[in-house]
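Peer 1: Given next are the chains, with one letter for each unit.
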Amino acid sequence: GQQLNQSPQSMFIQEGEDVSMNCTSSSIFNTWLWYKQDPGEGPVLLIALYKAGELTSNGRLTAQFGITRKDSFLNISASIPSDVGIYFCAGPDYNQGGKLIFGQGTELSVKP
Amino acid sequence: SQTIHQWPATLVQPVGSPLSLECTVEGTSNPNLYWYRQAAGRGLQLLFYSVGIGQISSEVPQNLSASRPQDRQFILSSKKLLLSDSGFYLCAWAQGYEQYFGPGTRLTVT
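Top to bottom, those sequences are chains H and V.
If you count by our numbering, then the first sequence holds residues 24 to 135, one letter each, in order.
If you count by our numbering, then the second sequence holds residues 15 to 124, one letter each, in order.
Note that these hints are calculated values from the structure, not bench results.
The reader is advised that the hints may include incorrect statements.
List of simulated lysine to any residue pairs, SDA-like, C-alpha gap at most 25 Å [unchecked claim]: (1) K93/V to V26/V; (2) K93/H to Y117/H; (3) K93/V to T42/V; (4) K122/H to K94/V; (5) K93/H to A54/V; (6) K122/H to V29/V; (7) K93/V to A54/V; (8) K74/H to R92/H; (9) K122/H to Q84/V; (10) K122/H to V26/V; (11) K94/V to N77/V; (12) K122/H to Q109/V.
A quick note: this is a predicted structure, and the numbers were derived from the prediction, not measured.
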């Protein structure tokens, strides 16, 4: 089946630094979703992308739908301590009724 | 606006005991509903999904079951818990492909 590979698996950065993470697949996706999960809570949808090449921002977060439709990127500018958490990418598996496939997550730690 | 509730928030149960976790959604009708489990680490494993009352699809064979007795209610059950059932259980509802998660239930089987 389809799989999503996220990298890096974890990141340790200093407060104020910019962050970049990505999600790749061997299959084409027509939708990319980015979620953030705070420790002990459910994932929260940050950004949804529906068009190849689309660039969408949500505050300090910017996500891009790769032009090949096989990847997506999430950038966080000027990181702050509350950015700590696990970031997941997700996309619908069209062979299984559109159920979401999730990447394994990128765990972000921010040092004040 | 839509909200999703899960309870209990945490649960400690002995091996062999029954389980019932509840999820309810407000502010939308006939949503697709999902149960996920997240073990230590981070992967989200889809357990069950439902497209309507009484319609349940199982993704992973195991000793868990799900039911949808009402349009906006989704229940996860087990007759006898195993140690391996410990984890963080998440319910979600969908609007198109976008899924929205509840706060989760932390289950520890002892």
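Peer 1: Determine for every hint whether it applies to the structure shown.
Peer 2: Okay, the hints, checked on the actual structure:
A distance of roughly 15 Å separates the Cα atoms of K93/V and V26/V; the hinted pair therefore holds under the 25 Å criterion. The suggested pairing of K93/H with Y117/H holds, with an alpha-carbon distance near 14 Å, which does not exceed 25 Å. Our distance criterion of 25 Å between C-alpha atoms is broken by K93/V and T42/V, whose separation comes to about 31 Å. Distance restraint check for K122/H and K94/V: the Cα-Cα separation of roughly 28 Å exceeds the 25 Å cut-off, and the hinted pair is therefore not satisfied.
A hinted pair counts as satisfied when its Cα atoms are at most 25 Å apart, and K93/H with A54/V does not qualify at roughly 28 Å. At roughly 31 Å between alpha-carbon atoms, K122/H and V29/V are farther apart than 25 Å, so this suggested pair is violated. Under the criterion of a C-alpha separation no larger than 25 Å, the hint pairing K93/V with A54/V is consistent with the structure, at around 23 Å. Of the supplied pair hints, the one linking K74/H and R92/H holds, its CA atoms being roughly 9 Å apart against a limit of 25 Å.
About 22 Å separates the Cα atoms of K122/H and Q84/V, which keeps this hinted pair within 25 Å; it holds. For the hint pairing K122/H with V26/V, the CA-to-CA distance comes to about 30 Å; that exceeds 25 Å, so the pair is violated. Distance restraint check for K94/V and N77/V: the Cα-Cα separation of roughly 7 Å lies within the 25 Å cut-off, and the hinted pair is therefore satisfied. For the proposed pair K122/H and Q109/V, the alpha carbon gap of about 12 Å is at most 25 Å, so the pair holds.
Checked against the numbered hints listed earlier, the structure breaks hints 3, 4, 5, 6 and 10; every other hint is satisfied.
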